[in-house]
Amino acid sequence: EDQVTQSPEALRLQEGESSSLNCSYTVSGLRGLFWYRQDPGKGPEFLFTLYSAGEEKEKERLKATLTKKESFLHITAPKPEDSATYLCATRGQGAQKLVFGQGTRLTINP
Amino acid sequence: GAGVSQTPSNKVTEKGKYVELRCDPISGHTALYWYRQSLGQGPEFLIYFQGTGAADDSGLPNDRFFAVRPEGSVSTLKIQRTERGDSAVYLCASSFFGGHSSYNEQFFGPGTRLTVL
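Sequences listed follow chains L and W, in order.
Each residue of the first sequence is one higher than the last, beginning at 1 in this note's numbering.
Each residue of the second sequence is one higher than the last, beginning at 1001 in this note's numbering.
Incorrect hints may have been included.
Here are the computed distance ranges between Cβ atoms for each label pair [to be verified]:
id, chain 1, residue 1, chain 2, residue 2, range
1, W, D1057, L, E45, 22 to 28 angstroms
2, L, Q3, W, F1066, 23 to 29 angstroms
3, W, T1007, L, P40, 16 to 22 angstroms
4, L, S20, W, P1070, 43 to 49 angstroms
Within a straight-line C-alpha distance of at most 35 angstroms, the following computed DSBU-like cross-link-like pairs (lysine-lysine) qualify [said to hold, decoys possible]:
id, chain 1, residue 1, chain 2, residue 2
5, W, K1078, W, K1017
6, L, K42, W, K1078
7, L, K79, L, K57
8, W, K1011, W, K1078
9, L, K42, W, K1017
10, W, K1011, L, K42
11, L, K79, L, K42
12, W, K1015, L, K42
These are computed hints drawn from the structure, not numbers from a lab.
For every residue, glycine included, the Cβ atom is placed at its ideal position computed from N, Cα and C.
Build the full structure now, drawing on both the sequences and the hints.
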């Protein structure tokens, strides 16, 4: 059974303090590792898809990386508006459903 | 263009009642998904439609849950004899194509918050 585990559950940073969020996964035949951002009371907002180990993608202050067992979401010099829950999900071979982790709740203090 | 829309945004019902939740996917998206999200958790898969047919309903928790997509666009999630444990946010997502060889991203709606009293 596919499993996704995110750590830490919650993270508080000061504005400008860079850090990384972790997503560990086990999946049969990875067909995509997805990162989403979710604000309170809203649906998940798509950020990145990574397909193979070694791949990296960037968007503003965020960079996602992928290995065969985990993915990292690096946040550089974060701002208060980056505060949100970040969700990681995998899609396995032969499946369309996404399997999500429980999320990391990120708070950036000004 | 417009994103995925869901109605109602909030639904409060009593235990034992029947509810319907509606999802309008992004125009042109052939694949549609329902997920359920409990407080503090990630979304959990319920069902996936490719066109009008349910291609994977392995996530439906029991036979009180049913979903339809009669014309391949709008979908309705139906819950019979609601229980307090059904309280959650029900999310709908759509993607351009749901084929096994595609790497399509799923775009989510805002969700319907269901509360069963």
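Index of numbered hints that the structure contradicts, given in increasing order: Violated hints: none; all satisfied.
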